[in-house]
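Enquirer: Now for the letters of each chain:
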Amino acid sequence: EAQVTQNPRYLITVTGKKLTVTCSQNMNHEYMSWYRQDPGLGLRQIYYSMNVEVTDKGDVPEGYKVSRKEKRNFPLILESPSPNQTSLYFCASREQGVYEQYFGPGTRLTVT
Amino acid sequence: GENVEQHPSTLSVQEGDSAVIKCTYSDSASNYFPWYKQELGKGPQLIIDIRSNVGEKKDQRIAVTLNKTAKHFSLHITETQPEDSAVYFCAASKGGSNSGYALNFGKGTSLLVTP
Numbered sequence: 330e331a332q333v334t335q336n337p338r339y340l341i342t343v344t345g346k347k348l349t350v351t352c353s354q355n356m357n358h359e360y361m362s363w364y365r366q367d368p369g370l371g372l373r374q375i376y377y378s379m380n381v382e383v384t385d386k387g388d389v390p391e392g393y394k395v396s397r398k399e400k401r402n403f404p405l406i407l408e409s410p411s412p413n414q415t416s417l418y419f420c421a422s423r424e425q426g427v428y429e430q431y432f433g434p435g436t437r438l439t440v441t
Numbered sequence: 011g012e013n014v015e016q017h018p019s020t021l022s023v024q025e026g027d028s029a030v031i032k033c034t035y036s037d038s039a040s041n042y043f044p045w046y047k048q049e050l051g052k053g054p055q056l057i058i059d060i061r062s063n064v065g066e067k068k069d070q071r072i073a074v075t076l077n078k079t080a081k082h083f084s085l086h087i088t089e090t091q092p093e094d095s096a097v098y099f100c101a102a103s104k105g106g107s108n109s110g111y112a113l114n115f116g117k118g119t120s121l122l123v124t125p
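Heads up: the protein sequence lines correspond to chains C and B, in order.
Using this note's numbering, you'd call the opening residue of the first sequence number 330 and step up by one each time.
Using this note's numbering, you'd call the opening residue of the second sequence number 11 and step up by one each time.
Please keep in mind that the hints were generated in silico from the structure rather than gathered at the bench.
We put the beta carbon where it would ideally sit given N, CA and C, even for glycine.
Errors might be hidden in some of the hints.
[Said to hold, decoys possible] Residues of chain C clear of chain B, computed beta-carbon distances all greater than 10 Å:
id : residue
1  : Pro-337
2  : Ile-341
3  : Arg-373
4  : Glu-429
[Stated by the list, open to error] Ranges between beta-carbon positions, derived for each pair:
id : chain 1 : residue 1 : chain 2 : residue 2 : range
5  : C       : Ser-396   : B       : Gln-91    : 40 to 50 Å
6  : B       : Lys-78    : C       : Thr-439   : 13 to 23 Å
7  : B       : Asp-69    : C       : Gly-426   : 18 to 28 Å
8  : B       : Ser-36    : C       : Glu-399   : 31 to 41 Å
9  : B       : Asp-27    : C       : Leu-370   : 40 to 50 Å
10 : B       : Gly-65    : C       : Arg-373   : 39 to 49 Å
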């Protein structure tokens, strides 16, 4: 089954404790991206990657890092999480040159 | 950058009625306009999209219309059913390899269909 998976689905952590949210897709898509979703703000892009070793900032990249060492994986790294990063995070992927994006199920992160 | 406005933020209709959600965009270079449905606890799922060279597209009970001159597009759901209850997002993209085909989302509309 074609899908985007994220882990963990739920995470509660404390300020300053480094964490990584994993994202993996099995569709051989070149493009992957991370969004955060906040009430009343919709989805905002954090980072995206056009292909392996190619990443770029989205609209709200502050406080986040990403890496793209393999085509199928695109982890989101929070080096020193803060409470304002409490949010619902979605990973998405698409085929190069095609508009349609496929979203993962989401990771709900709470930073206390 | 692109600014996408979506209205209304909440919409309640009775089963069988029609629902209309409207979006406006600011960047005239945008050429792709998808609509996503997000059910509780799930990620957004594409339900219909339209390109700038088309004025209307229909898929069973859902349709999207685009007015490029006015820079607005709308989602129409006819004969609504309780399973249509969800949050709907519009988005706009101007494509291009430089922008990564970035999607700029509206803030979402929570649709409730009551039996």
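Enquirer: For each hint, tell me whether it holds in the structure or not.
Expert: Do the hints match the structure? See the list:
{"no.": "1", "hint": "Pro-337", "verdict": "14 Å, holds"}
{"no.": "2", "hint": "Ile-341", "verdict": "17 Å, holds"}
{"no.": "3", "hint": "Arg-373", "verdict": "7 Å, violated"}
{"no.": "4", "hint": "Glu-429", "verdict": "6 Å, violated"}
{"no.": "5", "hint": "Ser-396/C with Gln-91/B: 40 to 50 Å", "verdict": "43 Å, holds"}
{"no.": "6", "hint": "Lys-78/B with Thr-439/C: 13 to 23 Å", "verdict": "42 Å, violated"}
{"no.": "7", "hint": "Asp-69/B with Gly-426/C: 18 to 28 Å", "verdict": "23 Å, holds"}
{"no.": "8", "hint": "Ser-36/B with Glu-399/C: 31 to 41 Å", "verdict": "37 Å, holds"}
{"no.": "9", "hint": "Asp-27/B with Leu-370/C: 40 to 50 Å", "verdict": "29 Å, violated"}
{"no.": "10", "hint": "Gly-65/B with Arg-373/C: 39 to 49 Å", "verdict": "29 Å, violated"}
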